[in-house]
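Visitor: One letter stands for each residue in the lines below.
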Amino acid sequence: MTPDSPGREEEDACWREAARLRREHRGWIVVWLAPQNCYRAYRRLPGARRDTALSAATPGEIADLIGQAEQSATARRARSDADRP
Amino acid sequence: MVNDLHALYPEPARSRLLTPCDYDPTMPNVARIYDWLLGGKDNFAADRQAGEALLDAVPGAAVAARENRAFLARAVRYLAEEAGVCQFLDIGAGLPTAGSVHEIAQAGDPREVRVVYADYEPMVVRHAEALLGDSLTAAVVRADLRQPWDLFARPTVRTMINLAEPVAILLVAVLHFIEDHEDPWTVVNCYKDLMAPGSYLVITHVTADHLSDDAARQARAAYNGASAPGVPRSREQIAGFFAGLEMVPPGLANVAAWRPNHIGAPPGPAVFYGGIGCKTHPGRPR
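Top line first, the protein sequences correspond to chains A and B. Going by my numbering, the final residue of the first sequence carries number 197, and the count climbs one at a time with no gaps. Going by my numbering, the final residue of the second sequence carries number 332, and the count climbs one at a time with no gaps.
I should point out that these hints are in silico values taken from the structure, not numbers from a laboratory. Please note: incorrect hints may appear among the correct ones.
[Said to hold, decoys possible] Distance windows between CB atoms, simulated:
1. B:GLU228 with A:ALA185: 38 to 46 Å
2. A:ARG188 with B:ARG157: 50 to 58 Å
3. A:ALA185 with B:ASP260: 50 to 58 Å
4. B:SER181 with A:ALA190: 38 to 46 Å
5. A:ARG191 with B:ARG94: 20 to 28 Å
6. B:ASN307 with A:ALA169: 46 to 54 Å
[Stated by the list, open to error] Covered, in the sense of this in silico footprint (three residues per stretch, anywhere, with C-beta under 8 Å from a C-beta of chain A), are these stretches of chain B:
7. 170-181
8. 239-246
[As the list claims (entries may be wrong)] Calculated from the model, a selection of chain A residues having no Cβ within reach of chain B, i.e. all distances over 12 Å:
9. ALA131
10. ALA146
11. ALA165
12. THR170
13. GLY172
14. ALA175
Note that the Cβ used here is the ideal one computed from N, Cα and C, for glycine as well.
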């Protein structure tokens with residue numbers, strides 16, 4: 113554990129938050145990266161682009177980013193459906 | 047006291063991935079097929095039958111399994127002796143055989159090097175527990191490589207592996223049991239993110255690059271009905287697992303040609319590709 117990183121109990125809380133986020137966002141893998149002091153979310157999509165992982169310092173921020181990414185994906189799908197003959 | 051987050055926050059998916067059944071000797075099991083290929087004794091008729099079918103398709107499979115095992119030994123020796131790695135996480139470790147990771151890594155000073163084995167086969171875990179006894183520097187946990195968050199929440203892993211320090215993560219002959227739809231690349235990206243700078247990732251993976259279409263189909267069919275599918279991948283696909291890491295020379299290679307102990311006849315066509323990548327910078331590997 114680095115000097116700036118949270119203590120064991122705080123880290124446990126971060127892992128719990130990551131678990132909660134995984135339950136709430138089934139299409140995502142969310143982990144707590146202790147060394148980097150941040151949450152990271154990976155979209156569970158076979159063949160997903162490798163650079164679609166999201167990072168944020170707090171559970172709220174990562175949840176917001178996931179929400180935005182899901183909204184963008186929904187909009188893209190809608191556009192794609194509309195373009196289909 | 048270490049909180050068991052695993053028990054406190056169970057993931058619904060675990061019940062599907064980590065089935066409670068212990069073992070079924072009538073179902074070919076990938077760990078036991080590999081054991082049979084290596085000449086081990088921990089296998090049943092169904093495993094041997096699947097192994098024979100594999101050898102029919104790929105006559106060099108048994109030799110390749112031994113070459114893969116020898117690569118693992120050289121890789122661990124390199125990491126422990128040259129790279130100075132003190133923490134090893136062997137994921138999908140398989141049945142213990144002579145020359146296990148902890149025996150090699152701890153050859154210098156057993157007190158300095160910690161090794162954690164992870165496997166999702168209960169039988170493998172029990173064998174490893176029996177082998178390791180009450181060792182303070184080597185342990186085994188039952189976990190699924192597809193769920194890195196679960197593995198790293200285990201008290202044993204969190205106690206023995208300090209993610210703030212360099213670690214060697216070994217995914218040796220295991221990623222080819224994960225199908226594309228489970229996106230093994232994202233899973234591996236997650237492991238890479240979890241590693242501190244200075245950490246190493248070791249991967250070996252079966253390829254069908256040098257097999258005819260028929261032989262590749264036959265080889266896959268040998269794993270039909272087994273505990274996991276066999277998914278060979280191209281060199282390019284395997285190289286993708288190392289994206290963002292600096293490869294240790296000679297890079298991704300036929301395992302038999304990776305820093306061989308003896309210079310002899312050049313190896314035949316690759317059945318396993320293997321390599322070691324180093325995370326040289328703190329940013330996210332791309």
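Visitor: With reference to the structure, classify each hint as holding or not holding.
Guide: Verification of the supplied hints:
Between GLU228 of chain B and ALA185 of chain A the Cβ separation comes to about 20 Å, which falls outside the hinted range of 38 to 46 Å. With their beta carbons about 55 Å apart, ARG188 of chain A and ARG157 of chain B fall inside the hinted range of 50 to 58 Å. Between ALA185 of chain A and ASP260 of chain B the beta carbons are some 40 Å apart, a value that contradicts the proposed interval 50 to 58 Å. At about 57 Å, the beta-carbon gap between SER181 of chain B and ALA190 of chain A misses the expected band of 38 to 46 Å.
Evaluation of the 20 to 28 Å hint for ARG191 of chain A and ARG94 of chain B yields a failure: the beta carbon distance comes to about 55 Å. Remark: the range hint 46 to 54 Å for ASN307 of chain B to ALA169 of chain A is upheld by a beta-carbon distance near 47 Å. Check result for the region 170-181 of chain B against chain A: violated, 0 residues qualifying (beta carbon to beta carbon below 8 Å, three or more required). Residues of the region 239-246 of chain B with a Cβ under 8 Å from some Cβ of chain A number 3, which satisfies the need for three, so the listed coverage holds.
Not every Cβ of chain B is farther than 12 Å from the Cβ of ALA131 of chain A; the closest lies at roughly 4 Å, contradicting the non-interface assignment. The Cβ of ALA146 of chain A does not lie farther than 12 Å from every Cβ of chain B; its closest approach is about 5 Å, which violates its non-interface assignment. A Cβ of chain B approaches the Cβ of ALA165 of chain A within 12 Å, the least distance being about 7 Å, so the stated non-interface status is violated. Under the 12 Å C-beta cut-off, the non-interface status given to THR170 of chain A relative to chain B holds; the minimum distance is some 17 Å.
Distance check on GLY172 of chain A: its Cβ is at least 19 Å (rounded) from any Cβ of chain B, clearing the 12 Å threshold; non-interface status holds. With a minimum CB-CB distance of about 16 Å to chain B, ALA175 of chain A clears the 12 Å threshold, and the non-interface call stands.
Consistency note: the structure conflicts with the earlier hints numbered 1, 3, 4, 5, 7, 9, 10 and 11.
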